[in-house]
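A.B. asks: The primary structure of each chain is shown beneath.
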Amino acid sequence: MRHVFVLLCAVGSALHAQPQAAPAAPSKAAVAPGTGAIALPNADPFPSTYRPAPARAVLITNATILTAAGPQIDRGFVLLRDGKIVNLGSGAPPEAGDAEVIDANGRYVTPGLIDTHSHLGVYAAPGGEALSDGNEATAPTTARVWAEHSVWPQDPQFPRVLAGGVTTIQVLPGSANLVGGRSVVLKIVPSVSVQGMKFPGAKYGLKMACGENPKRVYASRGPSTRMGNVAGYRAAWIAAESYRRRWDKWLADRQGDPPQRDLEQETMADVLRGNILVHNHCYRADEMLQMIDIAREFGYRIRSFHHGVEAYKLADVMARDSISGSLWSDWGGFKMEALDGIRANLALVHNAGARAIVHSDDASGAQRLNQDAAKARAAGASIGINIPDATLIQWVTLNAAWALDLHDKVGSLEAGKHADVVLWNANPFSVYARADRVWIDGSLRYDRMDPKQRWRTDFELGFVPAPSLVPGGRR
Amino acid sequence: MRTIQSLAATALMLAGAASLGGQNTIAITGATIYPVSGPRIDNATIVMTNGVITAVGTAVTIPAGAQRIDGTGKWITPGLIATATSLGVVEVGAVGETRDGRARGKENIAAAFRVWDGFNPRSVSLPVARQDGGITTVGVMPSGGLVSGLGAVYDLPEGASAAGMLRKAPVAMVATLDNADAAGTASRAEALARLRTLLSDAREFNLGRLRYDAGNMRTLSAGRADLDAMQLVLKGTIPLVISADRASEILNAIALGRDFGVRIVINGGAEAWSVASDLALAKVPVLTGAMNNIPESFGALGQRQENLALLRAAGVQVAIVGNGAGGEDGFNVRNLRYEAGNAVAYGMSWDDALRSITLAPAEILGLSDKIGSLAIGKVANVVVWSGDPFEYASQPEHVFVAGTETKIMTRQDQLTQRYRQLPVKY
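Listed in order, the protein sequences are those of chains A and B.
One point on numbering: in the numbering used here, the residue at position 271 of the first sequence is 271, and numbering is uninterrupted.
Just add 1000 to the spot in the second sequence (first one is 1) and you have the numbering used here.
Treat the hints as calculated values from the structure; they're not laboratory data.
No experiment lies behind these values; they were computed from the predicted model shown.
For every residue, glycine included, the Cβ atom is placed at its ideal position computed from N, Cα and C.
Misleading hints may appear alongside valid ones.
[Claimed, not checked] These stretches of chain A come out as covered by chain B in the derived footprint (C-beta under 8 Å, 3 or more residues):
| id | segment |
| --- | --- |
| 1 | 121-133 |
| 2 | 152-162 |
| 3 | 331-343 |
| 4 | 367-375 |
| 5 | 423-433 |
[Stated by the list, open to error] Here are the computed lysine to aspartate or glutamate pairs in the DMTMM-like style, where the Cα-Cα straight-line distance is at most 25 Å:
| id | chain 1 | residue 1 | chain 2 | residue 2 |
| --- | --- | --- | --- | --- |
| 6 | A | Lys335 | B | Asp1117 |
| 7 | A | Lys335 | A | Asp286 |
| 8 | B | Lys1407 | B | Glu1397 |
| 9 | A | Lys335 | B | Asp1413 |
| 10 | A | Lys84 | A | Asp408 |
| 11 | A | Lys215 | B | Asp1117 |
| 12 | B | Lys1235 | B | Asp1259 |
| 13 | A | Lys335 | B | Asp1100 |
| 14 | A | Lys84 | A | Asp405 |
| 15 | A | Lys203 | A | Glu264 |
| 16 | B | Lys1425 | A | Asp316 |
| 17 | B | Lys1283 | B | Glu1397 |
| 18 | B | Lys1425 | A | Asp321 |
| 19 | A | Lys335 | B | Glu1296 |
| 20 | A | Lys417 | A | Glu100 |
| 21 | A | Lys203 | A | Glu136 |
| 22 | A | Lys335 | B | Asp1259 |
| 23 | A | Lys452 | B | Glu1296 |
| 24 | A | Lys84 | A | Glu95 |
| 25 | A | Lys203 | A | Glu297 |
| 26 | B | Lys1425 | B | Asp1413 |
| 27 | A | Lys409 | A | Asp389 |
| 28 | B | Lys1235 | B | Glu1363 |
| 29 | A | Lys215 | A | Glu297 |
| 30 | A | Lys203 | A | Glu414 |
| 31 | B | Lys1106 | B | Glu1190 |
| 32 | B | Lys1425 | A | Asp286 |
| 33 | B | Lys1235 | B | Glu1107 |
| 34 | B | Lys1425 | A | Asp293 |
| 35 | B | Lys1283 | B | Asp1351 |
[Stated by the list, open to error] Cβ-to-Cβ under 7 Å is the rule here; a few derived chain B residues that face chain A:
| id | residue |
| --- | --- |
| 36 | Asp1259 |
| 37 | Asn1292 |
| 38 | Asn1293 |
| 39 | Ile1294 |
| 40 | Phe1298 |
Excised from the complex, chain B in its bound form (with noise of 0.2 Å):
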């Protein structure tokens, strides 16, 4: 109780060890570089001092003792965010034992659940979002219930610990509008009642704690914990991550938002696109894909895949997530890139989708003085391409987080120069 009473009272947020890196200097020369923060420079340099970016630009010296990597022909971009996964809480999806990013929760409300006291920092599915995808940052959401938990960020650097890759927490709490069943209530209205209820017990609970404590104030409608811990988004400090797919569900969600004062982020958002001056107008960002236009629900009818493109003519703040099939939120969540292509092919300019996979998931989660672009005084996660980063053909070369170089095989390429040659010699 008390560690809960603490982190509502001082909004602890823990600090990660990630920007810790390498003690070299590494100078990648001659490449086409992607700062996201700025316009594309052509035959240029960057370099990385103890981690972090020291220099981006075509005049740059280059300190004497630097390690130097001809970067010629090669694309440079921030290492890519994703914003919303299960990486490090669910590692074989259809196996109970490794699955850690939920919580029972009282009544479908588990708001402080900490995602990040499940989190393994030794998935095997780590290595694999950062070697093949280019991932140097991810976002682990908790699911399931009406008001799932707390999330965090984590970096992607070789062999750390949990503490050590940790960037930020708490970043978001998570809830959810657009399933019912799993909010344990009987409609979308009913969920929608909830969470207001939630929210303003929570606020009633901050202002009579002592009355609480007491026994002096009426059943609230959640736990202390909980209550506690929804003292952040009331406070502003963390969004409210909201899933929403229908347009009415959005547009509830922007209201509860306004309603309650607390930043609302909609994750999902299939038919955002048809409200997406609403969405603007609130400020609210959208966490959607661009490899889906299945009317795969009653609420998503309207899903398309120019979503993103046309929330972004409306002046939305978006960050890409995967929303096509094969594990997008977890083993492919390597697959971030192509979606980013995807978007390109249904509308979004090509600068907004790099944006969109690196700055923008920065600037929602409250990261971008950090990461998210290659600026002076930015962490050094960087990623060096062999060509355009959305295409099939290109691969990352090279991924640094913190200034040093990623280089284990993953599991899957061990697997795959094992069974090189047959018949296989174990």
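Extracted from the complex, chain A is given alone in its bound form (with noise of 0.2 Å):
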């Protein structure tokens, strides 16, 4: 697979794309206040300033650990400190020192999930007009506009899908438009700016929808028809790829006045230069053919395509192409192009080698990926796809961490990653599990024993009930 993966891909590019320039190197120097802007991009001009909280080394033994690197391991231990992980392992703990231990008494832990399509912060509750900042629906290409602008930090919802054990969102624009935007990768920590939440040194995402939604959106002024919906795309990758080369070449050579700055294409331009990935929302296994075909003639890669519902028909060609696929596990019907929504969608992709993630794009289902995975692997079970836990936990975790380009950094639990680590009360797959405590970076920030801590969004102080502990009725 992969060296027909190669050969085609040196033939696209032979035929169709430009040869690719060296990335540019924007300035990412801060402009001194009062001495005047400067016309170059600036890759950077919002960035994190999130930093792992503080936390005493912790110590988890006696667990069952799914690391979503290798096989599951029985009665193991877990050593995070400094907010890495930095030993595990079965057999006999290391020496604690100033760790705090916890007996996990045969209880899973696994990496911080993570959720590549979720909407929080821009759909923020109790929603409303006022919340509703996901959409720029008024050009059917929007570039220009990025997701992290418009996150609301105090969304109520962040707090809620942390309870699911997730540490990690990639918050999109919605699919009102052709090119919705810029995505934002975020921890899910309390601050109050985005900047704060922003996982550094994450790239970007360009949201990119297919299919009824933009057409609908735009159905008066256009377009209004797939293949409006298609000459949108090619038009705005056509002008991307003029402003790419006009502004490489400048930064090459420096003649003269730098190009006038477009934040449109900037972001367009660097999706070409390979610097920001494509999320492509689309449904139907026609329309991702051709959207492959359109990244294949402008030379720019998919990484995802987002809800997927036919992802099954192409699957062979989505691994071939490694192209991941953000799917549900059942969301289907609700419109003409997700009526083929199947519930082996997910084990058929991941049979063909392609790489499954189970998304939410909901603040609800996002609180439940783990289960969302249960009942997809249930669906290839029923077809003869037998999938284990340690491999299904990819779906949730290490899948979504390539789609968002930091499987080097997290989706997994081995030394020297960030300690984004969940503590389940049970196995995650059943449906009866719960998360016990999740920690970011090492540092605790949700214990589901302790009500009392939790932490309250501003919006919640007075209008929302504290919560309180609810002794659990498992079976």
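Since each chain sits alone in its own frame, please combine them into the complex, following the hints.
C.D. replies: Below, the structure written as structure tokens:
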């Protein structure tokens, strides 16, 4: 498969795509107040201010560990120190030293879950027009908008999703537009600003959308058809490619005035340079196959198809082209392009060799990514595709991390990675399982047994009754 | 007009033919049986004859000639009941032509709207609910407006006509207090006032039909057909199912029921847990779920997943309806059993959770003499599960509706089979 993929890429480049310039190196320098703006694009104008909270080291012992990077470890240990996973394995745990020791007593430990498709903060609770900030539905292509500028850090949905064991999310603009704008990757931590939640060093994503949504939203002014949609993507990339060449040339030789900056094209050009990852909302197989052709025509890569209820129809192509599938376990039927949703979708995509990812697109579903994975696995089992826990955990962790190009930092329990860790009260793929504790960068951010310490957003104060502990009704 | 008149005059209850089942006797042996109406029975046998349960227990004599199914290691429950769905009246939510669950009504009152007149027995979502979800009975409720209309209950046998599937209609009058916009009012209080006015006008209408027909009555707040349909509620024949989330709306609904002597059922009930003792005292049941804890509106700020557990602890009758995401009143009604599992994870007892998707909804809908439990004489709506029905790893292995096993491949199963191996061969 790998050979076929390389071959096709080479052919694709030769036939269709412009050779790509080396990534540009835009200025990262902040400008002192009062000295005036500079013309150079700034790759990071809203830098992350997130810093891991200082925390005592933690040694979890006697745990059932799904590492997402290898086989299940029974009666194992995990050591978290200075925000990183230091050590894990089976057998005798290391000396605890100054670490807090938690006897898991057989309970499950997994990496923090990752949701590649969230609208937390941009469609915040309690909803309504005032908090509806996810779709800049004023033009069919709005690469110029950035989801982070809509994120409300006081969205009460954040702590709820954290309680579901989710530690990292990609917040995307909505799907009204052909090109919806930039995503932002967040750690789910309380903060006054969105900058204080931004995952340090994470790449941006570009949200694109196929099908019914754009053509419905723009029915009166266009695009009003799927062919109009495709013309819209291609026109946008043609403009972006021209912009990218102008800028890359100027950055190389610095002759004369720099070209005029254009927010729209800056984002699009950085996709073509490979610095921004494409996340493509697309339901139908025929449209996904056309989007793959468009990507080849303009020389960019699709990192993940989102929703993809028909991904199972092109799972072989997704595997060949290294396109992941950010999918629901079983949404379908609610519109024409969702009619063919099947529960075995994730299992078939996985079975074909592509990366299967359980995504939510929903603040309720985001709290149960583990349950959705279990549901999708059962559908696979019923057609003879059997997926063990140790593999299934990747659908909600490592594969999602790959889709965000963060798989070297999070998504699995391996020494050196961020200490984003969940301790569950049962096998996380049981309907009865709940997260007992959630750590982000080694700092305890959620403890089910301690409602008094629960993160409550500003909005919740006074409006929402404080949580209380109701004894679990385990069977 | 005449039809509507006779509807109110006789409180006509359409009796379904769904209970007429297969002619064979089927015995499932060696299973763990959850009758719901009684305690779990291990290593037990259930016998279904001509669509009716004829034996349940450990000391069962299996009639000669019975078809036998080995239930060793299996769990058997009553067919599950999804109380409030749009199945059969909404096929594809985004396609207007397939939406038959709402009426325009007159000034947002459509009490005479009969949802069953639009029910499509060939909806492809019905087999999905049954084969994936073990659901054998669905309540189909109208939606929209202040008063949405009359709901019905269908069993889900294979290949039957709508009349053959119908278990009972009408079963409920549906109204809303939690959405002033949908009700066409400017506030919650106005929605409540209009509902009160409608009930008192309907009472006045009924007391003075001759005067009304002679044109000797002041103008009432609804048309004749709607006033007539409301008699079913005023007489207590069917409950008034009211969507209400905020605690104050729920208390208003309880007071409404008390003042007019009508039976109230709360649907949604996000904050019901905070007025659980009032609900228990008034014997008002609640239809709610266990997969939503989001303060998603100013009316649902106190929404929490422990709702069901806290209501049960206070003695409130509850039926579980999906309140997560992903179309849990339509295509994903099948997820009802996972909703029950989540209710357990958030404090409900397992037995109560099973009851809340079987016998409790049957009681609320007035059907517990026929369905919702595994007892002699009950309709043989029976599901054989590979394990705990609330668990994701478990599947319904046999589904019987009125004693006949349903085996149809769903549209989704056909797609799965077609694309099991790529490239596809058409």
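A.B. asks: Look at each hint and say if it fits the structure.
C.D. replies: Verification of the hints:
1. 121-133: holds (count 4)
2. 152-162: Three-residue rule met by the segment 152-162 of chain A, so holds; n is 3.
3. 331-343: holds (count 11)
4. 367-375: Result for this restraint: holds, n = 5.
5. 423-433: holds (count 5)
6. A:Lys335 to B:Asp1117: holds, 23 Å
7. A:Lys335 to A:Asp286: holds, 16 Å
8. B:Lys1407 to B:Glu1397: Within the cut-off at roughly 10 Å; holds.
9. A:Lys335 to B:Asp1413: holds, 19 Å
10. A:Lys84 to A:Asp408: Satisfied, since the Cα-Cα distance of roughly 13 Å is no more than 25 Å.
11. A:Lys215 to B:Asp1117: Violated, at roughly 33 Å.
12. B:Lys1235 to B:Asp1259: holds, 13 Å
13. A:Lys335 to B:Asp1100: The hint holds at about 15 Å.
14. A:Lys84 to A:Asp405: Satisfied, since the Cα-Cα distance of roughly 19 Å is no more than 25 Å.
15. A:Lys203 to A:Glu264: holds, 17 Å
16. B:Lys1425 to A:Asp316: holds, 14 Å
17. B:Lys1283 to B:Glu1397: Roughly 37 Å between the alpha carbons, so the hint for Lys1283 of chain B and Glu1397 of chain B is violated.
18. B:Lys1425 to A:Asp321: Answer holds: Lys1425 of chain B to Asp321 of chain A is near 22 Å, not above 25 Å.
19. A:Lys335 to B:Glu1296: holds, 23 Å
20. A:Lys417 to A:Glu100: holds, 20 Å
21. A:Lys203 to A:Glu136: Judged against 25 Å, a Cα distance of about 21 Å means the pair holds.
22. A:Lys335 to B:Asp1259: Outside the cut-off at roughly 43 Å; violated.
23. A:Lys452 to B:Glu1296: holds, 23 Å
24. A:Lys84 to A:Glu95: holds, 17 Å
25. A:Lys203 to A:Glu297: holds, 23 Å
26. B:Lys1425 to B:Asp1413: holds, 16 Å
27. A:Lys409 to A:Asp389: Distance of about 22 Å is within 25 Å: holds.
28. B:Lys1235 to B:Glu1363: holds, 18 Å
29. A:Lys215 to A:Glu297: Given that 25 Å is the threshold and the Cα spacing comes to 23 Å, the pair holds.
30. A:Lys203 to A:Glu414: Holds. Lys203 of chain A to Glu414 of chain A sits at ~22 Å (cutoff 25 Å).
31. B:Lys1106 to B:Glu1190: holds, 16 Å
32. B:Lys1425 to A:Asp286: The given pair, whose Cα atoms are some 16 Å apart, holds under the 25 Å limit.
33. B:Lys1235 to B:Glu1107: holds, 24 Å
34. B:Lys1425 to A:Asp293: holds, 23 Å
35. B:Lys1283 to B:Asp1351: holds, 21 Å
36. Asp1259: At about 29 Å, which exceeds the 7 Å cut-off, the nearest Cβ of chain A leaves the hint on Asp1259 of chain B violated.
37. Asn1292: Where the cut-off is 7 Å and the nearest Cβ of chain A is about 6 Å from Asn1292 of chain B, the hint holds.
38. Asn1293: At 6 Å from the nearest chain A Cβ, Asn1293 of chain B passes the 7 Å test, so the hint holds.
39. Ile1294: holds, 5 Å
40. Phe1298: holds, 5 Å
Of the hints listed earlier, those the structure fails to meet are numbers 11, 17, 22, 36, in rising order.
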